[in-house]
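A.B. asks: Top to bottom, those sequences are chains L and X. Under our numbering, the first residue of the first sequence carries the number 1, and numbering increases by one thereafter. Under our numbering, the first residue of the second sequence carries the number 1, and numbering increases by one thereafter.
Just to be clear, a hint being listed does not mean it is correct.
It does not matter which identical chain is meant; a pair holds if it fits inside one copy or across any two.
[What the hints assert, rightly or not] Calculated pairs, DSSO-like style, for lysine-lysine (alpha carbon to alpha carbon, straight line, at most 30 Å):
| no. | residue 1 | residue 2 |
| --- | --- | --- |
| 1 | K255 | K76 |
| 2 | K237 | K249 |
| 3 | K128 | K255 |
| 4 | K108 | K169 |
| 5 | K237 | K161 |
| 6 | K160 | K249 |
| 7 | K112 | K255 |
| 8 | K87 | K255 |
| 9 | K88 | K255 |
| 10 | K237 | K255 |
| 11 | K108 | K249 |
| 12 | K21 | K83 |
| 13 | K255 | K158 |
| 14 | K87 | K160 |
| 15 | K112 | K249 |
| 16 | K255 | K42 |
Note that these hints are calculated values from the structure, not bench results. None of these values were measured; they are calculated from a predicted model.
The chain contents come next:
Protein chains: 2
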Amino acid sequence: MTTIAIVGLGVVGGSFAKALKQKPLSDECVLAIDSDQETLDKALADGVIEEGESHNQTILQRADLVIICLYPEALKNFVQSHKSEFKKGAILTDVTGVKGALMANMEKSLPKQVDFIFGHPMAGRESKGYAYADGAIFQGANYVITPRPENQLANIEKVKKRFERLGFKRISIVTPEKHDEMIAFTSQLCHAIAVSLINSDHPERETASFVGDSYRDLTRIAKINAPLWTELFLENKEALLNAMADFEKQFVAMKHALVTENGCELEEMFQESTERRQRLEEADTKLNQL
Amino acid sequence: MTTIAIVGLGVVGGSFAKALKQKPLSDECVLAIDSDQETLDKALADGVIEEGESHNQTILQRADLVIICLYPEALKNFVQSHKSEFKKGAILTDVTGVKGALMANMEKSLPKQVDFIFGHPMAGRESKGYAYADGAIFQGANYVITPRPENQLANIEKVKKRFERLGFKRISIVTPEKHDEMIAFTSQLCHAIAVSLINSDHPERETASFVGDSYRDLTRIAKINAPLWTELFLENKEALLNAMADFEKQFVAMKHALVTENGCELEEMFQESTERRQRLEEADTKLNQL
Numbered sequence: 001m002t003t004i005a006i007v008g009l010g011v012v013g014g015s016f017a018k019a020l021k022q023k024p025l026s027d028e029c030v031l032a033i034d035s036d037q038e039t040l041d042k043a044l045a046d047g048v049i050e051e052g053e054s055h056n057q058t059i060l061q062r063a064d065l066v067i068i069c070l071y072p073e074a075l076k077n078f079v080q081s082h083k084s085e086f087k088k089g090a091i092l093t094d095v096t097g098v099k100g101a102l103m104a105n106m107e108k109s110l111p112k113q114v115d116f117i118f119g120h121p122m123a124g125r126e127s128k129g130y131a132y133a134d135g136a137i138f139q140g141a142n143y144v145i146t147p148r149p150e151n152q153l154a155n156i157e158k159v160k161k162r163f164e165r166l167g168f169k170r171i172s173i174v175t176p177e178k179h180d181e182m183i184a185f186t187s188q189l190c191h192a193i194a195v196s197l198i199n200s201d202h203p204e205r206e207t208a209s210f211v212g213d214s215y216r217d218l219t220r221i222a223k224i225n226a227p228l229w230t231e232l233f234l235e236n237k238e239a240l241l242n243a244m245a246d247f248e249k250q251f252v253a254m255k256h257a258l259v260t261e262n263g264c265e266l267e268e269m270f271q272e273s274t275e276r277r278q279r280l281e282e283a284d285t286k287l288n289q290l
Numbered sequence: 001m002t003t004i005a006i007v008g009l010g011v012v013g014g015s016f017a018k019a020l021k022q023k024p025l026s027d028e029c030v031l032a033i034d035s036d037q038e039t040l041d042k043a044l045a046d047g048v049i050e051e052g053e054s055h056n057q058t059i060l061q062r063a064d065l066v067i068i069c070l071y072p073e074a075l076k077n078f079v080q081s082h083k084s085e086f087k088k089g090a091i092l093t094d095v096t097g098v099k100g101a102l103m104a105n106m107e108k109s110l111p112k113q114v115d116f117i118f119g120h121p122m123a124g125r126e127s128k129g130y131a132y133a134d135g136a137i138f139q140g141a142n143y144v145i146t147p148r149p150e151n152q153l154a155n156i157e158k159v160k161k162r163f164e165r166l167g168f169k170r171i172s173i174v175t176p177e178k179h180d181e182m183i184a185f186t187s188q189l190c191h192a193i194a195v196s197l198i199n200s201d202h203p204e205r206e207t208a209s210f211v212g213d214s215y216r217d218l219t220r221i222a223k224i225n226a227p228l229w230t231e232l233f234l235e236n237k238e239a240l241l242n243a244m245a246d247f248e249k250q251f252v253a254m255k256h257a258l259v260t261e262n263g264c265e266l267e268e269m270f271q272e273s274t275e276r277r278q279r280l281e282e283a284d285t286k287l288n289q290l
């Protein structure tokens, strides 16, 4: 029997609980810790967890796999304050969107009796809380593991095996630095752009009458969990600033082509972006056919 | 009987033909002019047009409403070279995404016997050509009319009436300058951002393994009709540069908040963007309930 404990039944933790339940394994039992009793009651009523505790009483002592779905600061505090309660030989993992600074920061305080394997399921929702949790969000998503030298290969394999069935398409294993560089680009920069875009509107405009799908798509993620993303941005400052600088360079080059009315250069930029997007779509299609 | 001629059965013109056919009026007959005979044959076979000509022979002489779905330069040339062929009293309209410079440029060469009402259906697809035309793209979309002083109110009403049934939710009537200011922001700036974003990636990266929905959403429109958008950008240079400057100001402010590790400021930006996006969604929802 493998006992899985989910810590934090928010939109990501709740989605894990639901996804695990949708493809149940007979040897698996899913428990949860969440400070909000109502959320636990809801998850129990939905049948996606078998037991819940609003403060750890016995769950951490029993869990073989602990999936901690908390914000970065809360994650650090949780692990620190429950250090001695984790079961010997348990695997711990997280869902945090930044890795380098977080892992360096936590390294010294990690409990010795467990194997903490840092991970990042690249899926989420703009809205927060269990009510928005959805077992389908991992379907076709990317998942990244950033091992520590201390991790046991067999345990990494166990995590991969257990998560694969939730629908993840690509599970990559990279260094925390590589993860942060990529996430700064594919996720954080996108959020920085979406927020800046919608905030650059003039409030007196009747913008809703002039939007098409482009604007709707580009501002979807401007609806953002403000405290969480503030933490994520600050934790990944250097990599994000690099990604922002790369983007600005392209944006300024485009502005220059426009100022100088250089149609050839504009057209080249559009052709380049079309090819790049095409390749991304092809990579996704290819993977979906596997 | 109202004879409608669609000039150019590309993704937009073809969508008009299909949308008109999906909600047919008994007094309406749809014809088309397209330089590509194969496209005409396809549209005839699909039953979305009743006649087609690869070069105007009789269609313009018969049409009461001519919807010209060509790129800006081609639109100018088409109207110029067929000036004397349009039926007396006909209404002409276009679908061009920029208005100010275009209208000023065309003003002198507009045929006197017709009423040219400039319009912009805010819907499209990343892919071009009749094969991607879809009658549903106007469903819930915005439509903007930018009248000239010479336009007859009754004719503007006629265009509105005939297009309303295709699914447009908001039909706005504004000056060409206002249109261009808004489109620079809601459409062109979004394309400039998407193109710059994907072009700022480093080619040696395996980016596909690290993308989530954010990056997919923000780069969808990076697949772009390069010659068309080069024309659109150049035609709306000043307004687009203003929108780009507004965006840059926000982006630089965010960078500054990050460099100085000002978490409060970041959180405020995220809260502001969340409220703005929320209001946009509410405006859309409200409209859909009407």
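A.B. asks: Now tell me if each hint is right for this structure.
C.D. replies: Hints and how they fare:
| no. | hint | in the structure |
| --- | --- | --- |
| 1 | K255 <-> K76 | between (43 Å within a copy, 26 Å between copies) |
| 2 | K237 <-> K249 | both (18 Å within a copy, 19 Å between copies) |
| 3 | K128 <-> K255 | between (37 Å within a copy, 25 Å between copies) |
| 4 | K108 <-> K169 | neither (33 Å within a copy, 58 Å between copies) |
| 5 | K237 <-> K161 | neither (33 Å within a copy, 53 Å between copies) |
| 6 | K160 <-> K249 | neither (38 Å within a copy, 43 Å between copies) |
| 7 | K112 <-> K255 | neither (54 Å within a copy, 39 Å between copies) |
| 8 | K87 <-> K255 | neither (58 Å within a copy, 43 Å between copies) |
| 9 | K88 <-> K255 | neither (58 Å within a copy, 44 Å between copies) |
| 10 | K237 <-> K255 | both (26 Å within a copy, 10 Å between copies) |
| 11 | K108 <-> K249 | neither (39 Å within a copy, 41 Å between copies) |
| 12 | K21 <-> K83 | within (28 Å within a copy, 68 Å between copies) |
| 13 | K255 <-> K158 | neither (50 Å within a copy, 40 Å between copies) |
| 14 | K87 <-> K160 | within (20 Å within a copy, 70 Å between copies) |
| 15 | K112 <-> K249 | neither (45 Å within a copy, 48 Å between copies) |
| 16 | K255 <-> K42 | neither (52 Å within a copy, 40 Å between copies) |
Violation of the numbered hints given earlier is confined to hints 4, 5, 6, 7, 8, 9, 11, 13, 15 and 16; the remaining hints are satisfied by the structure.
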